[in-house]
Amino acid sequence: MTRYYLGVDGGGTNCRVRLADENLKTLAEVRNGRSNLQIDAGEPAFKAISDGTRDVFKEAGLDFSETANTYACFGMAGGRMDSARDAFAARDWPFAGVKVYDDIDIAHAGALGGEEGGVIIVGTGSAAMSIVDGKRHQAGGWGFHIGDQMSGAILGRELVRYAVEAEDGLVEASPLTKAVVARLGGSNQSVMSWAFATEMDLKIISRDGSEGCDDALIGRAPAEFGKLMPLFIEYLEKDDPVARRMLDIQLGYIDTYARWFKAHGAKVMAIVGGFGERLFPILQKHHGDFVALPKYEPLHGAVILAKQNFSA
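Counted from 1, the sequence shown has number 136 at position 2 by this note's numbering; the numbering is strictly sequential.
Treat the hints as calculated values from the structure; they're not laboratory data.
The reader is advised that the hints may include incorrect statements.
Stated by the list, open to error - Beta-carbon label-pair distances, calculated as ranges:
#  : residue 1 : residue 2 : range
1  : Trp276    : Leu336    : 19 to 29 Å
2  : Ala162    : Leu351    : 41 to 51 Å
3  : Ala162    : Ile367    : 45 to 55 Å
4  : Ala331    : Ile367    : 23 to 33 Å
5  : Asn157    : Ala331    : 29 to 39 Å
6  : Ser445    : Ser344    : 47 to 57 Å
7  : Asp423    : Ser445    : 38 to 48 Å
8  : Asp174    : Ile367    : 52 to 62 Å
9  : Phe330    : Glu156    : 46 to 56 Å
10 : Glu333    : Asn148    : 20 to 30 Å
11 : Lys337    : Gly399    : 42 to 52 Å
12 : Glu193    : Gly319    : 43 to 53 Å
13 : Thr332    : Gly303    : 17 to 27 Å
14 : Asn157    : Ser344    : 54 to 64 Å
Said to hold, decoys possible - Derived pair list, reagent style DMTMM-like, types lysine to aspartate or glutamate, alpha-carbon separation capped at 25 Å:
#  : residue 1 : residue 2
15 : Lys312    : Asp267
16 : Lys361    : Asp374
17 : Lys269    : Glu250
18 : Lys441    : Asp423
19 : Lys396    : Asp423
20 : Lys419    : Glu371
21 : Lys312    : Asp348
22 : Lys181    : Asp374
23 : Lys372    : Asp382
24 : Lys401    : Asp389
25 : Lys441    : Glu292
26 : Lys401    : Glu431
27 : Lys192    : Asp373
28 : Lys372    : Glu431
29 : Lys361    : Asp302
30 : Lys361    : Asp348
31 : Lys192    : Asp220
32 : Lys372    : Glu250
33 : Lys441    : Asp197
34 : Lys429    : Asp389
35 : Lys159    : Asp216
36 : Lys312    : Asp302
37 : Lys181    : Asp197
38 : Lys312    : Glu345
39 : Lys192    : Asp216
40 : Lys429    : Asp267
Ideal Cβ placement from N, Cα and C applies to all residues, glycine included.
Modelling step: build the complete structure from the supplied sequences, incorporating the hints.
What follows is the structure, given as structure tokens:
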């Protein structure tokens, strides 16, 4: 009987589904809607994967009934909580077997080809995970407000803070700080309005239907701060002094994770994520062969884990 493996890279923006044969050769791949487990109790994710499964089997020219011979692995945004993963795996899936992981697990499997070692995700958000001697270690990934130290979003926020201080005359300005303020409206007042998303005219509605909430605050999303990273890289390449200062902050965060990996015996730290891969030449100068670029993308990591979990 032919066996198939289905991998899902379930992101907050879109969901990618790949179907592979027994040798992990890709038969078809499709893209569908958002799939964060923390959004609407996972309903959009369930729909995205269900629709994506039908689409990918159709694209591969296979009857949908072959899902009964298919083993699936989902790597999901919002999958940090055990309870969310377990509840999602328990849904009514058509597959022979299902395993649900946090999205960093499939990034790890893809980056290291299913082997042991460590991986950091350095993109809009950030997180770290390793497997050493069969034991899984995880740190970070707790979100913009309390975590994501290595991320483009956090560095972008630090850059905006510094640029505002420079405009106030508290610290030394540079072409980069001037460019940041110009990008966000041209003055500290406009930067403040941008940060609070004032022009978007958003409102918080409490559970009782009243407007406003003392315990919550509207502000720019992490991705909006992350969008400043190309500007940061541009001025870093021009040897801007503030860009160098921001780089030192970023390297300090990554160094913390490198020490953490080495403390539990990881021999390699793969760098995943657009921002991290952009910094890779600099990281290689600091860490040598301890750092590596990913072998495969996270979606292929999901397929690898599907086979590892359900191999015959």
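Could you check the structure against the hints above and give me the numbers of any it violates, in ascending order?
Hints 3, 5, 7, 8, 15, 18, 21, 22, 25, 27, 28, 30, 31, 32, 35, 38, 39 are the ones this structure does not satisfy, whereas the remaining hints hold.
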